[in-house]
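**Q** Given these sequences and hints, build the entire structure.
Residues per chain, in single letters:
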Amino acid sequence: MKILVGVKRVVDYNVRIQVKADGSGVATDGVKMSMNPFDEIAVEEALRIKEAGKADEVIAVTIGPKVCQEQLRTALAMGADRAIHVETDDEIQPLTGARILKALADKEEPKIVLLGKQAIDDDNNQTAQMLGGLSHWPQATFASEVVIEGDTALVTREIDSGLETLSVDLPAVISVDLRLNEPRYVKLPNIMKAKRKPIETLTLADLNVEVAPSVTVLKTSAPAKREAGIKVESVEELVIILKEKGLIE
Amino acid sequence: MSKVLVIAEHDGNLLNGSTARAVACASQLGLAAVDVVVLASDGSAVAEQAAKLTGVSTVVLVQNPVNENAVAALLAPQIEALASDYSHVFAPSTTFGKDLMPRVAAHLGVPQISDIMRVESATVFDRPVYAGNAVITVEAPEGLVLGTVRTASYPAVTQDGAATIETREVSVTLPSHTRYEGLKTSGGGDRPDLQAAAKVVSGGRGVGSEENFSVIYGLADKLGAGVGASRAAVDAGFIPNDHQVGQTGKIIAPELYMAFGISGAIQHLAGIKDAGTIVAVNKDADAPIFEVADYGLVGDLFEVIEELEKAL
Ligand SMILES: Cc1cc2nc3c(=O)[nH]c(=O)nc-3n(C[C@H](O)[C@H](O)[C@H](O)COP(=O)(O)OP(=O)(O)OC[C@H]3O[C@@H](n4cnc5c(N)ncnc54)[C@H](O)[C@@H]3O)c2cc1C
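As they're listed, the protein sequences go chains A and B. Mapped onto the numbering used here, the consecutive letters of the first sequence carry residue numbers 1 to 249. Mapped onto the numbering used here, the consecutive letters of the second sequence carry residue numbers 1 to 312.
Among the hints, erroneous ones may be present.
Said to hold, decoys possible - Below, in silico cross-link-like pairs of lysine-lysine (DSS-like), each with a Cα-Cα straight-line distance of 27 angstroms or less:
1. Lys193(A) - Lys66(A)
2. Lys184(B) - Lys231(A)
3. Lys195(A) - Lys50(A)
4. Lys50(A) - Lys231(A)
5. Lys243(A) - Lys184(B)
6. Lys243(A) - Lys222(B)
7. Lys199(B) - Lys243(A)
8. Lys231(A) - Lys310(B)
9. Lys243(A) - Lys231(A)
10. Lys199(B) - Lys245(A)
11. Lys283(B) - Lys225(A)
12. Lys54(A) - Lys66(A)
13. Lys225(A) - Lys199(B)
14. Lys231(A) - Lys222(B)
15. Lys231(A) - Lys283(B)
16. Lys199(B) - Lys283(B)
17. Lys283(B) - Lys245(A)
18. Lys222(B) - Lys283(B)
19. Lys2(A) - Lys195(A)
20. Lys283(B) - Lys243(A)
21. Lys2(A) - Lys32(A)
22. Lys222(B) - Lys199(B)
23. Lys245(A) - Lys310(B)
24. Lys245(A) - Lys222(B)
The set of hints was computed from the structure by calculation and includes no laboratory data.
**A** Below you can see the structure in the form of structure tokens.
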């Protein structure tokens, strides 16, 4: 059984985002880039399923320009067996991304596609669900526990009202949440080894994928800022203020 | 004709408060009608609640035993069947809506706009990216517009409406590949729901343990507040996941948010940007939470809570 796992290159989660003055986007020049944290969790989960003897091969996939191969190398260093780079310099929106993943799933025939529940740049939270829809596969989103039993997966999902469990037939798409696992640290010898692992490069044309209808980004702006408040010296002072504002009785 | 369909979120008995917020957003589109669809197993009670939402013309009630629980793979084909009568389909950007809407969009071959926070026109919207550290203005392409509504950006509509309830049969083949197995709720008791609460008392890693969290619950009960938490507190097992506030947890807009032992990471702040008043208590005077707090108090959270309890 194969597992396909999605990897996206994003601005590192520790970076303080700066919106460009001309409204054309956020500053990315010289900014630290990393694998989307949710995708690291997806890679880790794929590896754990393989290590438990329930999968034979873990294939990491990314979509984007040449530099995205850095993140594929990270996935390979973590332990993925091989990687596929769908190379494009265009901005790829979720529906097109899902079409690409669908084409790859048709080609590779994985039993599970593991994706992060959202990318921390566009925060869309769509690709896994769209892939589920396009392939008419089951989807189990926001997973905090995944148990593979033969041809089904029992997935615990973090939802607003608590923890929900779904049982889905494989093949299925699973999107992962933060508490599913803690990704391993990459060890230096594995980084060296990863350099020898294969990365296959494909284009949208190779996969016969057409860009889907997309939204147009008209501008990017800085969010409304909260005005800095004041420090109070005592609980007494705080209580007086909150009472005056009618926030407490 | 241009009309918007809002997907109701509910638990079979009660309409979730996020629906009234999504209706508020949908009403700003300036279309001929705002309809709500209730997909349920036995949904008449929920439909009646939805019919009271101000601005709603028709409540479409689709009853089917498979709708007992909200499973995206089963709901999506039904919504697709209904969508042809509409120019827009919206759902709240809760885990319910986020799970469902992209699947609908994929089947219909259209993009989906996540977390709508402002309606500029029927096709142009603002939405947050980078954990709310930037806002993009996007234009939907021609055709059906699908979106989820960032509920914290919209106060719920009032309940002065009297919409007609229309029962509809939707005959589509539904897959059998996905089975609902159960839900474990954290049993918040009588405490207000985090997403609807006017006041929220929240604890972070600084609270230290599950036992210590009782002081957070205690203060919340005294104030009639909901209880929130940082990711670190949830990860450490101090409190269940459905209390997490932030980029990947719940986005909330209470009148009063009180953060105890929370440092104020950007991912946490993403969840409280719309709070009315933020109070932060932290023993570290340099904690970033103080950069957004309206009232900051440097001190030990346990001592502060003890004093607060006495003063209230
Ligand atoms: C992809 C991604 C998504 C994330 N999503 C979220 C999210 O949705 N929500 C979220 O909250 N986080 C999220 N995080 C995590 C976030 O980056 C922080 O790690 C987290 O918010 C820290 O939680 P904290 O403030 O409780 O802990 P810490 O940062 O450890 O802060 C604890 C604070 O408690 C104070 N303290 C300790 N003892 C006391 C005391 N006795 N009295 C008073 N103060 C005390 C300390 O001074 C410190 O400031 C996400 C991270 C990533 C990478």
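**Q** For each hint, tell me whether it holds in the structure or not.
**A** We went through each hint and held it up to the structure:
About 20 angstroms separates the Cα atoms of Lys193(A) and Lys66(A), which keeps this hinted pair within 27 angstroms; it holds. For the hint linking Lys184(B) to Lys231(A), the alpha-carbon distance of about 40 angstroms lies beyond 27 angstroms, and the restraint is violated. For a cut-off of 27 angstroms, the pair hint linking Lys195(A) to Lys50(A) stands: about 21 angstroms separates their Cα positions. At roughly 52 angstroms between alpha-carbon atoms, Lys50(A) and Lys231(A) are farther apart than 27 angstroms, so this suggested pair is violated.
Our distance criterion of 27 angstroms between C-alpha atoms is broken by Lys243(A) and Lys184(B), whose separation comes to about 38 angstroms. Taken as a hint, the Lys243(A) and Lys222(B) pair is honoured in the structure, with Cα atoms around 14 angstroms apart against an allowance of 27 angstroms. About 14 angstroms separates the Cα atoms of Lys199(B) and Lys243(A), which keeps this hinted pair within 27 angstroms; it holds. Pair hint Lys231(A) plus Lys310(B) holds up; C-alpha atoms about 21 angstroms apart against a cutoff of 27 angstroms.
Between the alpha carbons of Lys243(A) and Lys231(A) the distance comes to roughly 17 angstroms, so the proposed pair stays at or under 27 angstroms and holds. Restraint check: the Cα-Cα separation between Lys199(B) and Lys245(A) comes to about 13 angstroms, which is no more than 27 angstroms; the hinted pair holds. Between the alpha carbons of Lys283(B) and Lys225(A) the distance comes to roughly 25 angstroms, so the proposed pair stays at or under 27 angstroms and holds. Restraint check: the Cα-Cα separation between Lys54(A) and Lys66(A) comes to about 32 angstroms, which exceeds 27 angstroms; the hinted pair is violated.
A distance of roughly 21 angstroms separates the Cα atoms of Lys225(A) and Lys199(B); the hinted pair therefore holds under the 27 angstroms criterion. Proximity of Lys231(A) to Lys222(B) is assessed by CA-CA distance (about 24 angstroms); at most 27 angstroms being required, the pair is judged to hold. Of the supplied pair hints, the one linking Lys231(A) and Lys283(B) holds, its CA atoms being roughly 12 angstroms apart against a limit of 27 angstroms. Under the criterion of a C-alpha separation no larger than 27 angstroms, the hint pairing Lys199(B) with Lys283(B) is consistent with the structure, at around 22 angstroms.
Under the criterion of a C-alpha separation no larger than 27 angstroms, the hint pairing Lys283(B) with Lys245(A) is consistent with the structure, at around 25 angstroms. With a CA separation close to 23 angstroms, the supplied pair Lys222(B) and Lys283(B) stays within the 27 angstroms bound. For a cut-off of 27 angstroms, the pair hint linking Lys2(A) to Lys195(A) stands: about 22 angstroms separates their Cα positions. The suggested pairing of Lys283(B) with Lys243(A) holds, with an alpha-carbon distance near 24 angstroms, which does not exceed 27 angstroms.
The hinted pair formed by Lys2(A) and Lys32(A) fails the criterion: a straight-line CA distance of about 32 angstroms is larger than 27 angstroms. Between Lys222(B) and Lys199(B) the CA atoms are separated by roughly 11 angstroms; this keeps the pair inside 27 angstroms, and the hint holds. With a C-alpha separation of about 19 angstroms, the suggested pair Lys245(A) and Lys310(B) falls inside the 27 angstroms cut-off, and the hint holds. Taking the CA atoms of Lys245(A) and Lys222(B), the gap is near 18 angstroms; set against the 27 angstroms cutoff, the hint holds.
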